[in-house]
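Q: Listed below, chain by chain, are the residues.
2 protein chains.
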Amino acid sequence: MKLKDASHHSLQHLAATVLLAAPLLLGGCAENGSSATTPRVSGSADSLEQVAIERGLNPDEAKAALETYVAPGLYDEFTMVTSGGHSGSIYLIGIPSMRMIKEIPVYAPNAWQGWAQGAEEGERVLDDGTFAQNLKGLPRLTWGDLHHPQLSMTDGDYDGEMCFVTDKAAGRVAVIDLRDFKTKQIVKIPNTVTDHSGFLTTNSQYFVVTTFQPSPGGPGEYAPIEEYAEKYRGAMTFLWVNWDTRRIDLELSFQLELPPYWQDLSIQGKGDYEDLAFCNSLNTELSTGRSAEGLPAMEIGASLNEMDYLHVVLWREAEDLVQSGSPKVIEKGGIKVIPLEVVQEEELLFFVPESKSPHGCDITPGGEYVITAGKLDPHITAYSVEKIRKAIDDKNFEKRDPYGIPVLDYDACREAYVEVGLGPLHTVFDDKGNAYTSLFLDSAVAKFTLGPPDVPEDRAWQLVDKINIHYNIGHLQTPASNTVRPRGRYLVALNKWTVDRHPGTGPLHPQNLQLIDIAGPKMRLLSSTPIIGEPHNSQIIETDRIAGWRVYPPGTDPATMSASPHATQQGEERIERTADGVHAHIVAIRSHFKPDTIRVRQGDRVIIDITNAESAEDATHGFGLAGYNITASIDPGATQRIEFTASEAGVYPFYCTEFCSALHMEMTGWLLVEPR
Amino acid sequence: MKLKDASHHSLQHLAATVLLAAPLLLGGCAENGSSATTPRVSGSADSLEQVAIERGLNPDEAKAALETYVAPGLYDEFTMVTSGGHSGSIYLIGIPSMRMIKEIPVYAPNAWQGWAQGAEEGERVLDDGTFAQNLKGLPRLTWGDLHHPQLSMTDGDYDGEMCFVTDKAAGRVAVIDLRDFKTKQIVKIPNTVTDHSGFLTTNSQYFVVTTFQPSPGGPGEYAPIEEYAEKYRGAMTFLWVNWDTRRIDLELSFQLELPPYWQDLSIQGKGDYEDLAFCNSLNTELSTGRSAEGLPAMEIGASLNEMDYLHVVLWREAEDLVQSGSPKVIEKGGIKVIPLEVVQEEELLFFVPESKSPHGCDITPGGEYVITAGKLDPHITAYSVEKIRKAIDDKNFEKRDPYGIPVLDYDACREAYVEVGLGPLHTVFDDKGNAYTSLFLDSAVAKFTLGPPDVPEDRAWQLVDKINIHYNIGHLQTPASNTVRPRGRYLVALNKWTVDRHPGTGPLHPQNLQLIDIAGPKMRLLSSTPIIGEPHNSQIIETDRIAGWRVYPPGTDPATMSASPHATQQGEERIERTADGVHAHIVAIRSHFKPDTIRVRQGDRVIIDITNAESAEDATHGFGLAGYNITASIDPGATQRIEFTASEAGVYPFYCTEFCSALHMEMTGWLLVEPR
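Chains as they are written, first to last, in my numbering: chain A, 43 to 718; chain B, 43 to 718.
Only chain A is shown next, with the shape it has when bound in the complex (with noise of 0.2 Å):
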């Protein structure tokens, strides 16, 4: 047998060569020989070779391939909360397996879970985030471009209670409610039309908002953009949660009104400095772009300036200002403002140059460094928040933007300046002291080492790694980045193109997610998952960290998670004619509704109150009724309402669409809408 044939055969077959001959003349093999004949070895190393062979595998593909299948019925040791973008949706994917677990519809209705289809329940989570709500001359809001996931915390780290998560598009939040995986609320911030970024402060009393584009006011508040330097504002709004409702409450929010530079990504101090709070912002230029008006594009007009503003809000005191009830603080648009006068007066804001169009703005594990990136710019620049609380402390002013906010001098507020490569965004962080940054340009990840107390001085700041990623990464995540423990292990890349690693499935391209093992010291790509809707940025938590409610308690209503006062009980069932309609109380369990049969004339009022009375785990029920455009979801114990007028007559059959048992066909039933 020669060396280079020996590299095509499995080791088995070698080993099997061996020890076929070495009996012979070495008894004492015998025993090991037989063993090597044993199935659990011989079946599995001889196959597991060969499989990997016969696929084309390579050895750090076919190691890749065990390092991320998850057996079936077994679960993936860490679940990926991710935004979906402008699909309106959260996507619960598994990792290693990279499996998607769950769509949780937010912002668009969702047919599959009768979200906002027909069904009380979402329609008026939906309603209530809707522009129409005071604009009427404007359409329903359906969408919303779900940017920022952001996991609840107890002491700085993830408890899998709820999810809260922002709206690009249109300046709002919604709440998700992480015993049901359903979405609870959604609000629309006063005074904005647009936002981005959010965060939670500690123990997460408030979720903290910042405005991408600014505006005059809120929707159909108008102003000339010639007049955008005097009358366009950004904001940080300030959203109270409270925890015993698990809703979010206006009343007790407040929100600081910022210049109109563009506020992006933002982040809360840790430990002593949690009275800070950091934001990016890119075009201090103040530009509106009007390309076709002689100006400069805004991709233009927004990079001229070398440098941009990280902003320092002092929001504890901005807190007491709002509570000591003074006359500063304004009322408008329904929630506390402080105007940027006063926030300038009160000394609430201060800016550190930063390299200029930033994407990311992060805070180590412990606390102590602030990073940013400006995209432009092949280098990192981490802060010391010491020394920006220093420079405040000092008034160590370079100067005053035109809105009188102090600027900070940037030397003194700098702790390191780390070069990672080109379009460098985003910056998550590992139990080791290591952080990775994305780089878009470059489409890689830089692996670089963080400070004391971190890492000692002479390994500090250095740049250790770079793997490729494929292709053009925006945000990756490591699991509890964000946290004051992160776990390390892996990391995900959340990748906006995908050019040729798929197949041709049209001119609209899937966008794709590339697992990374960061265990070791150099990176290791272990898969490439395409994805639906845009997976904008995540929060990775530990599996057994998120329990939902496998079945709701009997008769309960998802909106309040509390027990419906529409729940029917089975014997109860009925239908009632009512002064200007006709109200079902219906029970459904496999694998009929009872009533099935809902008679009423054209024009009646009809109101469906559908109650599942299974208590098995899984045994959702579906109510569709295609013409009045109905398909609600009612899982285990749910009580959930329908409403409509039955405006047109006509035979229209309802059904149960989810498959819930072998008479499932049958479940099935018909509203009989006699002419008028």
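By construction, these hints were calculated from the structure, which means they are not laboratory data. Treat the hints with care, since some could be wrong.
Same chains, same names: a pair is fine if it fits in one copy or spans any two.
To be verified - Quick list of in silico lysine to any residue cross-link-like pairs, SDA-like style, CA-CA up to 25 Å: (1) LYS432 x ASP496; (2) LYS312 x GLU388; (3) LYS273 x VAL642; (4) LYS374 x PRO717; (5) LYS564 x GLN92; (6) LYS178 x ARG643; (7) LYS432 x ASP362; (8) LYS178 x PHE686; (9) LYS273 x ASP542; (10) LYS178 x GLU716; (11) LYS178 x LEU714; (12) LYS273 x PRO637; (13) LYS273 x PRO717; (14) LYS374 x ASP169; (15) LYS178 x ARG647; (16) LYS474 x VAL93; (17) LYS312 x ARG182; (18) LYS273 x GLU716; (19) LYS474 x ASN347; (20) LYS374 x LEU714; (21) LYS429 x ARG456.
Position chain B against the provided structure of chain A, taking the given hints into account.
A: Leaving out everything else, chain B in the frame of chain A:
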């Protein structure tokens, strides 16, 4: 080294031990010995075994991991085109990795793809298929229950050109072009309110769809449920496909009126029997439920008869009758209809008894046998198509049904009766003469042999294997199962329930796709993958048979797949004031819209034509304009029109929703609506 210990060591370790000792006594072994240390072999074999043990994978699981992993940048061998049930979408899934490659929105608006969310393209397609076209009192239909995707065929095998789908909820069909994987047409089938299955005739000339719940006509038509037997009717509709326009044309389509049994799955004959169509039915009892009115619930009322009727339609004769211009063929609801009486007197329809409440109706690859399964009977029944044809010719009738339709002699038509297990539903085929039937109650798949010519008499119609499924399997699928040439290799179980198989993410559980290896004599479970939507049924095609366009030719209207009259060349970007408003001719290219500022007066009509001037693959731009609820996705080369009335004043920012470049964040603009 003891045997039991050896089994816990990697073979590499064992071999190394032996080979280390061997050379001392056996020089001839030395070369072999050293070969065991060549990187390729030792590197892989060693770590594969170790990684498997570290991850707790047993040998079968480790093998499955290697068999299902598709390395980054490589494509899956097969693509499963699966329905999304009442999500209203199609999903594309790669086999063997089971990665989701794409969602194709069909019956429901889709925010991410900008489908029916402001851009004219999707809006028009969706509105064409909505009941509200004729019944103004009904809401727009924004969901459907997408059940049976059918890939277009040439000479009985997939050609990768088009996909046709049904809508169980509303009795509609949709047409998807596999050049860009977009929905091009939704058609309401006249005179029906529901449908379920559909099949394509040889060379895809007709898409044939059967009703599910019968009705007294189309939406809006009413008859008391008490007159069900007399006035309610089912139908089999032959929808003509115009392959020049790639659209369904009702002009050349026709419909057979059927008794008000519930027609279900259907297929066409093959080879010499292409002129026959077969269709299951249930509820020959004519039950209408009404359990609250003292009648048996549907699930009981529709299960009283021992046998239901397999429909046999002589569709070529029906087509001849229609094309002959016979006065017996009437025009109704915009389609040519053969009334039930004519169907009966022209002998276009025959019945064969089948076990009650069947699900599956499948034809073997060669067309010799039709296999049905009554889900309350643990057997599948195989009918000889030749015998059916002979029974028709011999007028070998058991009786006639109440509508005068002949019922063929059961024994004269039956070829085989195979016990497979509890709750048999659907049957698919491989390339070796085997059939696979899903068992809903057993939660299993049964494998049995077909008869001649596929399998010789002595081995024919035998149950040969069974595998457990988790849980509640509905449809199942194999590559090209319904073609003249099934490919075998893999089987996918489409399971309705997952119960405990995936993490608790609320009471609504995902459904489950299980991949099974059917290459060998025994079926082997390879993986379990949760999925969003309801994967009702699917078809599996070689990935290299679907080759979608990767970009559009410049200025393409996706609705017509030809040059758009609304396309704008670079340099011709402009805004024109019209009599009633404003018309913006915008070009989108990395990274700006030009023009980027649209100034209108409140109440103006606004027309925005956007042309994506990119020619680079994957360079899609989005157009998001909240407030007016517009999200469009403009793929490279495409032109899309957006039209609305600026009914409310205010400042409405718009932006590119697809992360297209490092300066993507700056790709923004303003809709400025000045108050009147």
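Q: Does each hint fit the structure? Answer for all of them.
A: So, going through the hints one by one against the coordinates:
Taking the closest pair of Cα atoms, LYS432 and ASP496 come within 25 Å of each other only inside a single copy of the chain (22 Å); across copies the shortest separation is 85 Å, beyond that limit. In this assembly of identical chains, the alpha carbons of LYS312 and GLU388 lie at most 25 Å apart only when taken from the same copy (23 Å versus 84 Å across copies). Taking the closest pair of Cα atoms, LYS273 and VAL642 come within 25 Å of each other only across two copies (19 Å); inside a single copy the shortest separation is 55 Å, beyond that limit. Taking the closest pair of Cα atoms, LYS374 and PRO717 come within 25 Å of each other only across two copies (21 Å); inside a single copy the shortest separation is 50 Å, beyond that limit.
In the homo-oligomer, the alpha carbons of LYS564 and GLN92 lie at most 25 Å apart only across protomers (19 Å), although the nearest pairing inside one protomer, at 27 Å, exceeds that limit. For the homomeric pair LYS178 and ARG643, the shortest alpha-carbon distance between copies (17 Å) is at most 25 Å, but the shortest distance inside one copy (30 Å) is not. Within a single copy, LYS432 and ASP362 get their C-alpha atoms as close as 21 Å, which meets the 25 Å cut-off; across copies the closest is 92 Å, which misses it. Taking identical chains as interchangeable, the C-alpha atoms of LYS178 and PHE686 lie at most 25 Å apart whether they share a chain (20 Å) or sit on different chains (15 Å).
Within a single copy, LYS273 and ASP542 get their C-alpha atoms no closer than 46 Å, and across copies no closer than 56 Å, so neither meets the 25 Å cut-off. Proximity of LYS178 and GLU716 under a CA criterion of 25 Å is satisfied inter-copy only: 17 Å between copies versus 33 Å inside one chain copy. When the C-alpha separation of LYS178 and LEU714 is checked against a cutoff of 25 Å, the pair qualifies only between copies, where the shortest distance is 18 Å, while the shortest distance within a copy is 33 Å. Within a single copy, LYS273 and PRO637 get their C-alpha atoms only as close as 59 Å, which misses the 25 Å cut-off; across copies the closest is 23 Å, which meets it.
Taking the closest pair of Cα atoms, LYS273 and PRO717 come within 25 Å of each other only across two copies (16 Å); inside a single copy the shortest separation is 57 Å, beyond that limit. Proximity of LYS374 to ASP169 under the C-alpha cut-off of 25 Å is restricted to the intra-copy arrangement: shortest distance 22 Å within a copy versus 41 Å between copies. In this assembly of identical chains, the alpha carbons of LYS178 and ARG647 lie at most 25 Å apart whether taken from the same copy (23 Å) or from different copies (17 Å). Only between protomers do LYS474 and VAL93 lie at most 25 Å apart by alpha-carbon distance; the minimum there is 23 Å, versus 36 Å within a single protomer.
With identical chains, the CA atoms of LYS312 and ARG182 are never at most 25 Å apart, being 40 Å at best within one copy and 50 Å at best between copies. Within a single copy, LYS273 and GLU716 get their C-alpha atoms only as close as 58 Å, which misses the 25 Å cut-off; across copies the closest is 15 Å, which meets it. With identical chains, the CA atoms of LYS474 and ASN347 are never at most 25 Å apart, being 36 Å at best within one copy and 70 Å at best between copies. For the homomeric pair LYS374 and LEU714, the shortest alpha-carbon distance between copies (22 Å) is at most 25 Å, but the shortest distance inside one copy (50 Å) is not.
In this assembly of identical chains, the alpha carbons of LYS429 and ARG456 lie at most 25 Å apart only when taken from the same copy (8 Å versus 88 Å across copies).
This entry does not satisfy hints 9, 17, 19, going by the numbered hints stated previously.
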